[in-house]
Amino acid sequence: METQRISSPLEAEVIERLTVGTPVLISGVIYTARDAAHRRIVRSLDKGDKLPFDLKGQTIYYTGPSPAPPGRIIGSAGPTTSTRMDAYTPRLIAAGIRAMIGKGSRSPAVREAIKKNKSVYFVAIGGAGALLARSIKKVEVIAYEDLGTEAVRRLTVEDFPAIVANDIYDGDIFEQNKARYRREAR
Amino acid sequence: MLAALKKAQQSEVSPLGREVLGQLIENAGIAQQEKLPLCQDCGTAVVFLEIGQDTHVTGGDLSTAVTEGVRRGYTRGYLRKSMVNQPFSARKNTGDNTPPVIHAEIVPGNRLKILYMAKGAGSENMSRLAMLKPAEGREGLVDFVIRTVDEAGANACPPLVIGLGIGATAEGAMRLAKKALLRRVGEPNPDPETAELEAELLSRVNGLGIGPLGLGGSTTALAVSAEVRPTHIASLPVAVNLQCHSARHREAVL
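These protein sequence lines map, in sequence, to chains A and B.
Mapped onto my numbering, the consecutive letters of the first sequence carry residue numbers 1075 to 1260.
Mapped onto my numbering, the consecutive letters of the second sequence carry residue numbers 17 to 270.
Since the hints were derived computationally from the structure, they do not count as laboratory data.
Check before you lean on any hint, since a few could be wrong.
Pulled a few chain B residues facing chain A out of the computed Cβ check, cut under 10 Å [as the list claims (entries may be wrong)]:
1. Ile-46
2. Arg-107
3. Gly-138
4. Cys-260
These numbers come from a predicted model, not from an experiment.
C-beta atoms are modelled at their ideal positions from N, C-alpha and C, and glycine is treated no differently.
In isolation and in its complexed conformation, chain B is listed as follows (with noise of 0.2 Å):
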């Protein structure tokens, strides 16, 4: 993320973009050095478990282990306990950020992934999900990338990168989506036709003239990263789940 940062830098044409660029930069800067978080939204916890087919856990479920993670992990390291429960009332906070959001897939193998992102909410809340018609095709999607884009202008706290799921079902798109953010920014989809379509998406998506923090420019996001599965005759699902700048995310192989 820092080096995309340094070279979206490089390559903005508004005086203001480079230098709220440069603010990030060293903001990233500050935050290493002085251990403090990137930003105050220190974010959902959000976990992926890749757990190998051949693996037991012992000794507790897994589940708690992970939860009790979070807590310590949000506790000890002075970071923010953004979580509340009762959402559409009392809105009370759990005080450890607690619950994580966890998805667990079952993989080949004897091995235990666990990949990791402190997801902010600026970004989260400007993330949208599209039932298409399978007419509307490639085009539609293009579209509808770019609509919720700029409908989130600012809000999200671009640069962005932007997370695709296309096809499965409606909640299988938006999680596609939300992994995809877990590739290393810029690094393509292999299937050169996704691709194709994530380097026409950034192109277009850099021409709204939004920039960072939407003060202007032609860094609105770094990269897209676009996951696509088979879908119904019937469906065309497209989600989009966009992360901000402040991307942090670890994996760890047990």
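Isolated chain A (complex conformation) (with noise of 0.2 Å):
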């Protein structure tokens, strides 16, 4: 499949014409929160407070960033495993998130909300930490800083590498791929 370049926040028409499989080279803005990131946000969701930016159309990005070393302006920053966010997503999405960036699969909830509200889900390659740090051209910590690893960043990125694992009409890039090359035990 061609690589599509594609610009976050996502449009509407971009993710209705983004299948499984398709790899996309992203720019523009997308934000960094993993485990206690959504933790908080949907805390926040829950009493009403306010938010660390503003959902609506976002993307994010699952990563804790390794600390950057002199000279640069983050370390390592790969994905981590998108599964443990599943419990948030879906709320999430209904509350405005529009693409998520990890790793490994996602839950038939997360799947359902993906599809039920024009989302996408993609992965980055996992332990490719040092590569897809190169993306990366701005970062600003944004909110919860106390997280360390886990604040919430805004991060500028310019052609960050990603493959579309979970789009609109229900295609699963692990359940398609895994069955493409399953073999009986010899």
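If you follow the hints, you should be able to join the two separate chains into one complex; please do so.
Below is the structure:
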């Protein structure tokens, strides 16, 4: 499949043409949030408190970067396992999040929320933290600074490589590709 | 590990799988060149100490020294600090990646061997223990290992090294499984029966279709390393400790 260059936040018509397995290069603004930040965001939604950023239409990247050595803006910054966020994700999608970047498969509830709310889930290459950091051009900690690596950061990225893993058509890259390469025991 | 990834790139049947393996190899190059961690998860510090019975450590206590080494390494090396205390409640970061998990063992001799592993949590979280019935035997063991890797899927960041601990007790088996990961990737167990089990499991696991990062393919694992010990007449403990492709191990002998 041909690589698509897309901008974040994603337009609805862009999400509509993204299908499972499509490689993308993402440019624009994405927000980092992992376990602890998700817990706090959902707590704020419950209480009606102020959110760390306006969730409408935005992209969340599940990552907790390593510290920036001198002269750099960020250390390694690859994706973490998305399934740990599954408990919070349908809520965040309902509140406006439209794209997620992580690694590994999602729960049926998340896939349903993606379909229903016209969202998309991308995977980036897990463990390729040094390579992925090259696409990150600007880093601002915008909330939960006390969480350290788990703080919410606004990242400006250029040609950040990812692959569509769950689309609005109920496609799932893991199921599809696993079935394709599965062979019976010898 | 890098050599194993390069070899896998030749044998991988999926074009996307080959591309992913290529990116992991490229990532290793960038990490080395730019002095960045391979992966932002710089792990739990797991330390195996093999203490020669004729050595005597002077000038302070050994656990404190190991802990201090971890603290300095993670702080000065710009590595991510991932340890939290009160794991089931506050989960507050300890700030310096301590405490390490230390396994000490008394061995013959007068040397102190330190084996170090920066163990990522993505793969650790998918590790499993089964206390099988002796009647389940080899077949039950194979089924359990295959099921564990299948359920881990993409989450454990394949291609994996699969550490197996067979025998001993519940905690003994898991410790064996973890230590098995320190073996050189692809080096078989010296016991022919165990080596055959390792080879069969590797072939079966690579038939699951999971592939590099779970995106499909024939490279789900690069190696299976099993360690076997005697066990109780009523038991067949099998521990599976998974290692992602970011295998960061070092050893030193004092």
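Comparing the hints with the structure gives:
1. Interface hint status for Ile-46(B): upheld, as the beta-carbon distance to the closest one in chain A is roughly 4 Å, under 10 Å.
2. Checking Arg-107(B) against chain A: minimum C-beta separation of about 7 Å stays under 10 Å; hint holds.
3. Satisfaction of the interface hint for Gly-138(B) is found here, the shortest Cβ-Cβ separation to chain A being roughly 5 Å, below the 10 Å cut-off.
4. Given hint, Cys-260(B) at the interface with chain A, holds; its Cβ is 6 Å from that chain's nearest Cβ, closer than 10 Å.
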